[in-house]
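K.L.:
Each chain is listed here by its residues.
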Amino acid sequence: MSENTTPTGYKSVSLFRKRLKRFRSIKRGYYSFIIIVIAYIISFLAPLLMNNKALLVSYNGRLHFPVFKYYPGSYFGQDIYGEANYRTLKQQFKAAEQSNWVLMPPYPYSPYESLTDPRGSPPNPPSWQHWFGTDDRGRDVFVRLVYGFNISLSFSLILITCGYVIGISVGAALGYFGGKFDIIAQRFIEIWSSMPHLYTIIIVSSIIRPNFTLLVILLTLWGWISMTYFIRGEFYREKAKDYVHAAISMGASDRKIVFKHILPNSLTPVITFAPFAIVGGISALVGLDYLGFGLPPPTPSWGELINQGVNNIFSWWLVLSPFSAMFCTLLLVVFVGEAVRQAFDPREFSRLR
Amino acid sequence: MGGLASYFIRRFLLIIPTFLGITILVFCILQIVPGGPLEQEIMKLKAGMAQMGGSAEVGGGASGSELGQITIPAEAMEEMKKFYNMDKPIPIRYAIWLWNVLHLDLGHSYVYAEPVWDVIKARFPISIYFGLIGMIATYSICIPLGVFKAVKHGSKFDLLSSVTVFIGYSTPGWLAGLVLLVLLGGGSFWDVFPLGEFRSENWYDLSWWGKIVDQVHHTILPVFAYLVGSFAVLTIMMKNSLIENIGQDYVRTAFAKGLPEKRVIFVHALRNSLIPLSTGIGHIINVIFAGSMLIERTFNIHGMGLLAYNSILNRDYPITLGFLAIGAVLGLLGNILSDIAYALIDPRIRFK
Numbered sequence: 001m002s003e004n005t006t007p008t009g010y011k012s013v014s015l016f017r018k019r020l021k022r023f024r025s026i027k028r029g030y031y032s033f034i035i036i037v038i039a040y041i042i043s044f045l046a047p048l049l050m051n052n053k054a055l056l057v058s059y060n061g062r063l064h065f066p067v068f069k070y071y072p073g074s075y076f077g078q079d080i081y082g083e084a085n086y087r088t089l090k091q092q093f094k095a096a097e098q099s100n101w102v103l104m105p106p107y108p109y110s111p112y113e114s115l116t117d118p119r120g121s122p123p124n125p126p127s128w129q130h131w132f133g134t135d136d137r138g139r140d141v142f143v144r145l146v147y148g149f150n151i152s153l154s155f156s157l158i159l160i161t162c163g164y165v166i167g168i169s170v171g172a173a174l175g176y177f178g179g180k181f182d183i184i185a186q187r188f189i190e191i192w193s194s195m196p197h198l199y200t201i202i203i204v205s206s207i208i209r210p211n212f213t214l215l216v217i218l219l220t221l222w223g224w225i226s227m228t229y230f231i232r233g234e235f236y237r238e239k240a241k242d243y244v245h246a247a248i249s250m251g252a253s254d255r256k257i258v259f260k261h262i263l264p265n266s267l268t269p270v271i272t273f274a275p276f277a278i279v280g281g282i283s284a285l286v287g288l289d290y291l292g293f294g295l296p297p298p299t300p301s302w303g304e305l306i307n308q309g310v311n312n313i314f315s316w317w318l319v320l321s322p323f324s325a326m327f328c329t330l331l332l333v334v335f336v337g338e339a340v341r342q343a344f345d346p347r348e349f350s351r352l353r
Numbered sequence: 001m002g003g004l005a006s007y008f009i010r011r012f013l014l015i016i017p018t019f020l021g022i023t024i025l026v027f028c029i030l031q032i033v034p035g036g037p038l039e040q041e042i043m044k045l046k047a048g049m050a051q052m053g054g055s056a057e058v059g060g061g062a063s064g065s066e067l068g069q070i071t072i073p074a075e076a077m078e079e080m081k082k083f084y085n086m087d088k089p090i091p092i093r094y095a096i097w098l099w100n101v102l103h104l105d106l107g108h109s110y111v112y113a114e115p116v117w118d119v120i121k122a123r124f125p126i127s128i129y130f131g132l133i134g135m136i137a138t139y140s141i142c143i144p145l146g147v148f149k150a151v152k153h154g155s156k157f158d159l160l161s162s163v164t165v166f167i168g169y170s171t172p173g174w175l176a177g178l179v180l181l182v183l184l185g186g187g188s189f190w191d192v193f194p195l196g197e198f199r200s201e202n203w204y205d206l207s208w209w210g211k212i213v214d215q216v217h218h219t220i221l222p223v224f225a226y227l228v229g230s231f232a233v234l235t236i237m238m239k240n241s242l243i244e245n246i247g248q249d250y251v252r253t254a255f256a257k258g259l260p261e262k263r264v265i266f267v268h269a270l271r272n273s274l275i276p277l278s279t280g281i282g283h284i285i286n287v288i289f290a291g292s293m294l295i296e297r298t299f300n301i302h303g304m305g306l307l308a309y310n311s312i313l314n315r316d317y318p319i320t321l322g323f324l325a326i327g328a329v330l331g332l333l334g335n336i337l338s339d340i341a342y343a344l345i346d347p348r349i350r351f352k
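Protein chains in written order, with the working numbering: chain D, 1 to 353; chain L, 1 to 352.
For the record, the hints were derived by calculation from the structure and aren't laboratory data.
Ideal placement from N, C-alpha and C gives every residue a C-beta, glycine not left out.
Careful, some of the hints might be misleading.
[Claimed, not checked] Label pairs and their calculated CB-CB ranges:
1) D/A240 to L/P347: 57 to 63 Å
2) L/I340 to D/W192: 21 to 27 Å
3) D/P298 to L/D87: 37 to 43 Å
4) L/Q215 to D/A240: 40 to 46 Å
5) D/A185 to L/L132: 14 to 20 Å
6) L/E75 to D/Q186: 50 to 56 Å
7) D/F314 to L/R263: 37 to 43 Å
8) D/A185 to L/R271: 35 to 41 Å
Given only the sequences and the hints, what does the whole structure look like? Please build it.
P.N.:
Below is the structure:
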């Protein structure tokens with residue numbers, strides 16, 4: 001008898017495995033998960049795919065890697081101050097018909113440069129060069145969307161990680177120790193959670209221009225609360241079960257009971273709510289950026305683009321393209337969330353007739 | 001009933017520390033940071049004095065000198081500090097503010113030069129108008145839809161309508177409104193709806209029929225934004241709640257004693273499944289009050305949300321604080337209201 005089989009002869013599969021298998025069998029959610037993970041990984045390579053710095057320059061028989069190193073324009077014989085302009089350099093090399101060449105990224109524009117090549121004053125409508133047009137400072141919208149995707153998702157992931165760490169710790173402590181400590185802390189949480197948090201966050205960030213870290217801290221100040229309730233409830237329920245009593249009677253320490261026995265058994269709400277928390281985090285960031293109280297400029301941000309769209313209502317691409325990006329991202333995450341919920345918490349609805 | 005009464009008394013008493021906590025926090029933040037009303041006033045005064053050139057009060061020499069070199073006479077400075085209560089330490093200032101608030105005096109707005117209470121009061125009906133219509137629209141669509149989805153669980157209609165729910169989950173309401181505004185607001189595509197605002201500028205000159213048409217015209221898109229904002233959550237809540245109830249024993253009993261299916265579902269199960277939705281009653285106050293900031297900003301509706309937003313931008317602290325105070329109290333009252341509704345509707349609920 002191998003260790004994975006039960007005395008009855010059936011193979012024993014852990015609960016988590018079963019859930020994972022169930023999740024994989026829900027095709028829509030599973031494929032959405034794969035797509036969003038791949039897209040997120042690719043978005044980290046954005047500096048190599050979308051940039052105004054060349055990947056590779058062969059100049060006078062030597063190879064250069066401008067993506068990783070700064071070269072002044074004069075180095076390549078360009079008559080400009082500051083960094084070399086690799087798009088014009090490519091054309092110059094081509095015109096000179098020497099052995100020099102430039103390898104640009106597939107989409108050769110950076111999210112921070114104000115472009116001068118489209119005709120007319122910015123914002124410029126979509127064209128073959130700039131797929132989603134340019135914003136009101138002449139920056140390429142498509143590039144900013146891709147960089148913004150990475151920032152939004154990273155922001156949301158970091159935000160829920162922070163919120164979860166605090167929420168789970170507090171909830172676990174409340175649920176495990178209970179008693180007076182629980183009652184007093186509950187009152188405090190009640191007071192804290194009834195503050196109008198979004199308004200307070202806006203007031204604070206109108207005064208201190210927040211950076212990435214500060215904005216995460218500000219949103220985490222209230223973001224941990226909801227998870228605390230779930231974990232506290234789970235701990236109360238699990239604490240009363242036989243396996244915990246068994247562990248206590250065997251003399252296990254508090255630490256061991258909490259981390260080894262109860263915690264792994266009470267993580268279901270953590271996992272099932274995570275996708276919806278990601279949606280909430282992205283929406284919050286976009287909302288704050290839209291109101292102008294989010295990440296500082298010139299950070300590529302969806303909300304900031306939408307804000308430009310409101311001020312330039314005729315430039316439809318400034319609203320519709322970030323909206324589409326956000327919608328697709330959130331839709332994929334919601335699909336994942338729905339599948340995770342089904343896999344972890346399958347509710348069989350019984351019905352007469 | 002004793003438990004319930006003491007529960008609500010305790011809830012009411014909790015309003016006090018909550019209110020003090022939030023207002024002290026924000027008050028201190030607003031007072032400590034630079035760029036407050038006093039600094040702005042000083043800047044304005046200095047700029048004015050610099051324009052006047054070498055007038056008697058200017059200490060820093062000839063006109064065109066740097067603003068920093070101009071000194072404001074000490075008495076004027078004192079007077080200004082006194083006007084903004086800046087001559088006292090922060091705890092005293094807070095105490096004065098709190099004392100006035102308890103007497104329903106929220107101070108004077110710096111920007112509108114009117115009592116804060118009057119400014120807020122003027123905006124209140126506009127926010128209520130959109131919030132209330134939005135809420136009615138939301139409930140009158142989501143509840144029937146949720147019920148229908150639950151009754152026909154697994155049917156084609158259920159699956160198809162789930163698409164709208166997924167769309168609702170992944171679109172913030174204000175953004176849905178903005179997208180429609182771009183598409184239908186006469187920008188680059190179709191000109192069906194006006195570009196926001198509460199009503200047209202010439203509204204008072206219109207005939208009574210024109211007034212109605214104009215008002216409806218301005219109402220549809222913002223209300224749609226409110227609708228999208230809570231559509232998915234409410235529909236799914238309704239559906240799950242009803243489905244759960246249909247699986248309960250009392251429904252089995254009702255079927256067993258031979259009641260028709262319609263009566264069992266729509267009278268027995270539906271009534272019980274509406275209970276979780278009643279929690280929303282208190283939540284509505286928050287939506288009307290603060291949740292509307294994004295939508296009002298999008299549609300340029302001069303309601304409370306936009307007022308609060310602008311007050312933050314303009315550093316009009318009396319309004320910022322007044323909005324916060326009213327919002328905190330109403331939000332807390334709303335929470336209690338939900339609990340009361342909950343307890344009244346569901347006698348099984350026992351509060352401790």
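K.L.:
For every hint, state whether the structure bears it out.
P.N.:
Hints, one by one, checked against the model:
no.	hint	in the structure
1	D/A240 to L/P347: 57 to 63 Å	27 Å, violated
2	L/I340 to D/W192: 21 to 27 Å	22 Å, holds
3	D/P298 to L/D87: 37 to 43 Å	41 Å, holds
4	L/Q215 to D/A240: 40 to 46 Å	58 Å, violated
5	D/A185 to L/L132: 14 to 20 Å	37 Å, violated
6	L/E75 to D/Q186: 50 to 56 Å	54 Å, holds
7	D/F314 to L/R263: 37 to 43 Å	56 Å, violated
8	D/A185 to L/R271: 35 to 41 Å	36 Å, holds
In summary, the numbered hints that this structure violates are 1, 4, 5 and 7.
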